[in-house]
Amino acid sequence: MKVSIYRYNPDTDREPSMKEYEVDTQGKDLMVLDVLNLVKEQDPSMAYRRSCREGVCGSDGMNINGKNGLACITPLSEVAPGVKEGKKPLVLRPLPGLPVIRDLVVDMTMFYNQYEKVQPYLQNDTPAPAIERLQTPEDRAKLDGLYECILCACCSTSCPSFWWNPEKFLGPAALLQSYRFLADSRDEATEERLSRLDDPFSLFRCHGIMNCVSVCPKGLNPTRAIGHIRSMLLERGV
Amino acid sequence: MSIRTITFDAIVVGGGGAGMRASLQMAQSGFKTALISKVFPTRSHTVSAQGGITCAIASADPNDDWRWHMYDTVKGSDYIGDQEAIEYMCQVGPEAVFELDHMGLPFSRTEEGRIYQRPFGGQSKNFGEGGQAARTCAAADRTGHALLHTLYQQNLKNGTQFYNEWYAVDLVKDADDNVCGVIAISIETGETVFFKAKATVFATGGAGRIYSSTTNALINTGDGVGMALRAGVPVQDMEMWQFHPTGIAGAGTLVTEGCRGEGGYLINKDGERFMERYAPNAKDLASRDVVARSMMMEILDGRGDGPDGDYVYLKLDHLGEEVLHSRLPGICELSITFAQVDPVKEPIPVVPTCHYMMGGIPTNVNGQALKFSGGHEGEDQFVNGLFAVGEVACVSVHGANRLGGNSLLDLVVFGRAAGLHIEEALRQGMTQYEPSEEDLERALSRVNRWNESQDGESVSSLRKELQSTMQNHFGVFRKGDLMEEGVQKLAKLRERIANAHLEDKSQSFNTARVEALELDNLLEVAEATALAASGRTESRGAHSRYDFPDRDDENWLCHSVFDPKSKKLGKRDVNFKPKTVDTFQPKIRTY
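Keeping their order, the protein sequence lines are chains C and L.
Residue numbering for the first sequence follows my numbering, starting at 1 and increasing by one per position.
Residue numbering for the second sequence follows my numbering, starting at 1001 and increasing by one per position.
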């Protein structure tokens, strides 16, 4: 099958280009990462991130035939009709909207900065008991769909609002994390967390485009989390 | 020689659970702490731990007792786990787990609001007399992910200085073998830096990538063991590799033991629940070594299924959709993705798969690395300045076979213990050892070798050959002559790797260079494994030999210690002196 990959090495290339590779998949429905590993055997200079190869570490987010996803859990048959059969090329590009370091590796600093801005850690000044802080199964269930985020950046880098204002708009991933702590019955910093979001950019640049929902490889719904935060801000304003 | 030097009180190499628990401890008390990780920390392999963290927090059973957990762990280790260390882990465990809750780890909950605990293999009540226990604290089947993210968040809060996507190459030591820090390369820019510190903590994780088929992440290349061996530091019990019973056939992806804890069981191609024959009491919740061997026996006896008859099945459908989706949601996802099987409807094809390195750098409970004293307990000497925690260390709490759920506990308990110890030592004044120019040159020699290589074999083909050698010669069942062949092949591979070629010499994000450096480490781990495995002439825990099928307590109730300088295998006494309970005496191990 044919694979077309975005290549750029700042040491040697003046500008990026797409490079074509021919890979023998023996007709198997390999994961995109497996195909990349075969390319790397041909051309060890190919750079991309990868670690767990099972969709939980979030290293290998990339743009696959136009859609952001994790290479390790995207089988060829799900990329687009004809790709697995070799009738159409597999086209791999770095996640959009972030600076490229090399090939498929992007500089995620802006993404991580937004994550850090929401103070993504539990805040509770009440002295801790000798055992765990109790939490009902119902309260714990409020964290489902939030804590599973793997920080792969597929969502934020598919979001037009994040493309426009990557420094001011927190983006879907950071906002999902923000709500993960707002929703935690053990967290006491609700007021401070909401205050920090109450400006025209941090949260309100979300226009409900929902690209984040359609690309999230873990099936999470940042738009819904953002909606919950909006409601909390509204209630607080009344 | 010009190499940039950055100085810290302590550096931690590795950003998984153990490393981040250690760095958190030191950063919290204000010491200048750096964490060097070859991946962004939440991409470390801890993230893949599923089932949970075993600990007697007395939630599922109000009468649970850490001593029962200790008994299970000693028995699980096939009696070569150090009892003082196991005692410490099981006793301190609850405090360490409650701390995780206070940090925000989203544990699953019971109706009482306490942490949910599920049964895991090898667990018992009342010292094996009271039936199956439920002692593994869980966040659904994503406990490692939840733990790793929580620890990263706390490190952010407490100001740990992260060097993410920096790759540690080798230890820097002075002429008296005192550790001064490490050489590391920024993967992004290619810059090489000397990180100087009073304490260097290795938390580099496992090395499952020495085998072709493994549950381990692609980054698990034994970097800490490689660096230690090249620096002349011995390693212990390297023959002890755990094969997890349930890796997805073909893909190698892990399916948590929690599936069997929740009531799932293994069947052969005839649909028979075969574990009833091998472990009449514990059945599918026998220790991992026992279950993995039983599965291999079924397969070798022709009761495996599939075109090559090389896997059995894990049956879960009888648990019902609701339980599967609430307790094991990640497994449902993985199974559909990697086995094209929905466990709600069909059983998952599984096969024993390399999972965990019980051996590693020998340490005491404070994480201090030990030198080979050639003698008995009490005579251990320290490698000054070097510490190891987590999978790269061999404290040893796992002995010849680790119990499920004990690795996450190991990480947080001993990451914390090393942090506490270093804190105290820094307060009292630790020595900063100073390397000479030659010492630094020596630590740089390997990376220079690759950078100057002109031609030779490729890294990927050599790596494949190494992995298949380990897979074929040092698998679940082992045999002297087959292992000897493996040892010979590895010796040849050593020469070939020493002459291999790194084609790409560029600076920016050169992953080919990282893979080349990793290959050296895989080789060190593989060789130590091979020589320890052929040297231990008995069967114990995960080390199972056709030619020596029985446990031999007279000669081998001890650790093996591999000395990289002489390449000889020595013995080290197991600690049988817990501080607050009576010694658990070796017994015949049945489940």
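Bear in mind the hints are in silico, worked out from the structure with no lab data behind them.
Keep in mind that a hint or two might mislead.
[As the list claims (entries may be wrong)] On the chain C side, residues computed to face chain L include the following (Cβ under 8 Å):
1. T12
2. P16
3. M18
4. V39
5. E41
6. S45
7. R53
8. G55
9. I73
10. S77
11. L98
12. P99
13. R102
14. D125
15. L182
[To be verified] Sample of chain C residues lacking proximity to chain L, with all beta carbon distances greater than 12 Å (derived):
16. P10
17. Y21
18. D29
19. K67
20. P75
21. A80
22. E116
23. P137
24. G227
25. R236
As the structure is a computational prediction, the values presented were derived from the model and not from experiment.
Glycine included, every Cβ here is placed at the ideal spot set by N, Cα and C.
Would you check whether C:S45 satisfies its interface hint, that is, whether its CB is within less than 8 Å of any CB in chain L? holds (4 Å)
Per the CB criterion, is C:T12 less than 8 Å away from chain L? holds (7 Å)
Find the nearest Cβ of chain L to the Cβ of C:R236 and say whether that gap is larger than 12 Å. At roughly 23 Å from the nearest Cβ of chain L, C:R236 sits farther out than 12 Å, so the non-interface label holds.
With a cut-off of 8 Å on the beta carbons, see whether C:P99 makes it to chain L. This hint is violated: C:P99 lies away from chain L, its Cβ roughly 11 Å from the closest one there, beyond 8 Å.
Checking a non-interface call: every C-beta of chain L should be farther than 12 Å from the C-beta of C:P75. Is that right? At roughly 8 Å from the nearest Cβ of chain L, C:P75 sits no farther out than 12 Å, so the non-interface label is violated.
Given C:R53 as an interface hint, is the shortest Cβ-Cβ distance to chain L below 8 Å? holds (6 Å)
No chain L beta carbon within 12 Å of C:K67's: Given a closest Cβ separation of 17 Å, the condition holds.
Verdict on C:P10 as a residue remote from chain L, using beta-carbon distances over 12 Å: It is violated; C:P10 is separated from chain L by about 5 Å at its closest Cβ, not greater than 12 Å.
C:D29: least C-beta distance to chain L exceeds 12 Å? violated (9 Å)
Does the no-contact call for C:P137 survive, Cβ to all of chain L over 12 Å? Given that some Cβ of chain L is not farther than 12 Å from that of C:P137, nearest at about 5 Å, it is violated.
Answer holds if the nearest beta-carbon of chain L is closer than 8 Å to that of C:I73; otherwise answer violated. This interface hint holds because 5 Å falls under the 8 Å limit.
C:D125 was flagged as interface toward chain L. Is the shortest Cβ-Cβ separation under 8 Å? violated (12 Å)
Hints 2, 3, 4, 10, 11, 12, 14, 15, 16, 18, 20, 22 and 23 from the earlier list are contradicted by this structure; the remaining hints agree with it.
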